[in-house]
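Let the hints inform the model, and build the full structure from the sequences given.
So the protein sequences, as listed, match chains S and E.
196 is the number that the working numbering gives to position 196 of the first sequence; each next residue is one higher, with no gaps.
100 is the number that the working numbering gives to position 100 of the second sequence; each next residue is one higher, with no gaps.
It is possible that some hints are incorrect.
As the list claims (entries may be wrong) - Below, a list of computed lysine-lysine pairs in the DSS-like style, where the Cα atoms sit at most 30 Å apart:
#1 E:79 with E:214
#2 S:208 with E:79
#3 E:154 with S:208
#4 E:154 with S:202
#5 S:188 with S:202
#6 E:158 with E:124
#7 E:7 with S:202
To be verified - Here are the simulated distance ranges between beta carbons:
#8 E:32 with S:187: 33 to 39 Å
#9 E:16 with S:221: 19 to 25 Å
#10 S:357 with E:65: 56 to 62 Å
Worth flagging that the hints you see were computed from the coordinates, not collected in a lab.
In this text the structure is predicted, and so the values were computed from the model without any measurement.
Glycine is no exception: its CB is placed at the ideal position from the N, C-alpha and C atoms.
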Amino acid sequence: MALTLMKGSEAIAEAAIRAGARFFFGYPITPQTEIPEYMSARMPELGGCYLQAESEVAAINMVYGAAGTGERVITSSSSPGVSLKQEGISYIAGARLPCVILNVMRGGPGLGSIQASQGDYFQGVKGGGNGDYHLLTYAPASIQEAIDIMMFAFDKAEKYRVPVLFLADGIIAQMMEPVEMPEMVDFKVDPEKKPWAATGWKPGDDPKKRAVINSLYINTEELSEHNELLQSVYREIEKNEVLWENYKTEDAEIVVTAFGTVARVVKSAVDELRAEGVKVGLFRPISVWPFPTQALRDTVCRDQVKAVLDVEVNAGQMLEDVKLSINGEKPVDFFGHLGSQFPTTAEIKQKILEMKEAM
Amino acid sequence: MSVVFEKTQLLTDKPFHYCPGCNHGIIHRLVAESIDELVQEGKLEAGNVIGLVFTYQGDGDLASIGTAEIVHAAHRGEKIVTIFVNNAIYGMTGGQMAPTTLVGQKTTTSPYGRDEAWCGAPIKMSEMLAQVPGSYFIQRCAVNNNGNIIKTKKAIKKAMEYQLEGKGFCMIEVLSTCPTNWGLAPVEAMKWLEENMIPYYPLGVYKDKGADEK
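Structure representation (C-alpha cells):
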C-alpha cells in the first residue's frame, strides 16, 4: 500500500472514521483544533454526526449519550479541555460505556502553553475524575502508531466496556509523517452483541425492555458489587492489553524509559551512543494504563543492567510507575524538562554519559 | 367488580423515593400516561424518523449547573422535550437555595431568606428560553389542582407530539411543591405555591411556533 504524507491530527481523525466512528463531539482548543475541523468536513460525507458543543463539559456528555446507543463515538481535546471533561469521563467509566477520548497534551497547569507536553500522565493514568476507575490509555509515539492503535481502540473499548484514552501530545497532532491508512471498517451496532445499548423501545416490544445507562447506585451494596465488577474488568485488561516496545535493550547496561514522542528523541540518543560503544537501550510503554510492569522488570531487573533513566516532559510522572515496577531493585535516575520544553538528543546523551561515568 | 382505573403499565413497580405529598409522582404519571396515549393513538410508531426523546430535570441541573447546556440545546433546536420541575428549592440534596428560590424564601443555604441584593431574583427559565430562536414550544404549568393537572398533561402530550414530528426544542415547566423542604404540610404547600409561586411564575404558553404557523 502506498504511503501518504499526512498531518497527525487529520490522520488520527481519518483513522477514527475508518475504525467506524460516526459521532464526534468536541470544542476547539489548540493544538488539536484540526481534528474537529477535519471531522466537520468528513462526517457529513459519511452520514455521520459532527457537532460543535458549547463546551467540553457538554461535548463529553454528548459522548456519554451517544455511546449509550452502542455507536462508535469519539471526542478530542487538549489538556485544559480534557480537565473539563473529567466529570463526564468518570460517569462514562461508571456507566461502562465504550468510547474513545483523545488528549493532545499541551503545557500546564492552567492555560499553560499551546506547545506539546506530557504533563497529563497522572490525570490520564491515575484517575482525573472521581471514583475508582481506569481508562485503557495508549501513548502513541508516531502518527502511524496512533493510526494503528485507533484501528483496534474501539474493539477494545467495546470488549471491556471502558473508555479508551489516547495520551498523545501536540507534536503528534501537528507534525506530518508518511503513513499507511487502513481500509474502512464496516461497523454496525449489533444489538445482540450490545444488549446494554439503548437502541430504542418500539410499540409491540416487551414493555419491560429497558436499557438503563446509569452511574448512580444509591444502595451501597449494589455500588460495591458494581465496583467489584469494574475492578475485575481492570484486572482482565491488565492481563491482556499491555503493550510496550524494547529497543536495543538486549545487552544494555543503561535502560532509558520514555513514552510518546519523547521516546523518539531518546531513540536518537540511543543510536548515537551505540555508535560510540555505549550499551544503552530504550523501554517504551505504549499502553501507559495498564502499565507494562512485568515487561519493564524483565528488561531491567537483570544483572547486566546497572541503572535506569526515565525521561519525560514533566516533573517525573511516569517515573512513579517506573519506580513502583522496579521496586528499588535498580537505581532510577530522572531527566525531565518542564512545561513544554522538549529535550534534545544531545542533552539526553550527556545525561546518559554522566550516569555511565558515575557507575 | 369492574376495573375503572389502572396505573399505566409504562410505570414500573419500582417504588418512588419521594417524600409523602411530593408532586413528582403526579408528574411522572402524566409523562407515562402521555406516552401511553401516543402509542395507543399510533403517533409513536416504529417508523418514526426520530423516537420520543425527553429529559426530566429540576431547578439545579436545568437552571443552575446545566444552564449553558439547556440554553444551547434550545439554541440548536434539539428535537427533545424537557420536563422541568420547578419547586423553588433543591429537594434531592435536602432543601438548599435554587436559582428559582423566591426572594425572602428560607432554605438551608439561605437561612435569612433569599436576598435579592446579592443572590439575584429567581430565574424565569420559560421566559428566558422562549427568547432563544431555536425553541419551539414553551409552556409553564402547575399541578396544584385537578384543572391544572389536566392542563399539564395536555401540554406534555402536545410537546411530545411536536417532538415526534421533529419540530424542535420543547419545554414544559411544571411548578411543583416540596412539602418536606418547605417545612409545610402537603395541603399548605399547595396553598403556598398558589400564593407565592404562581404570581411570580405566571402560568401559560410562552412560545408556540406550531400555533403561530397555523
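Exercise for review: Kindly indicate which numbered hints from before are broken by the structure, ordering the numbers from low to high.
Suggested key: none
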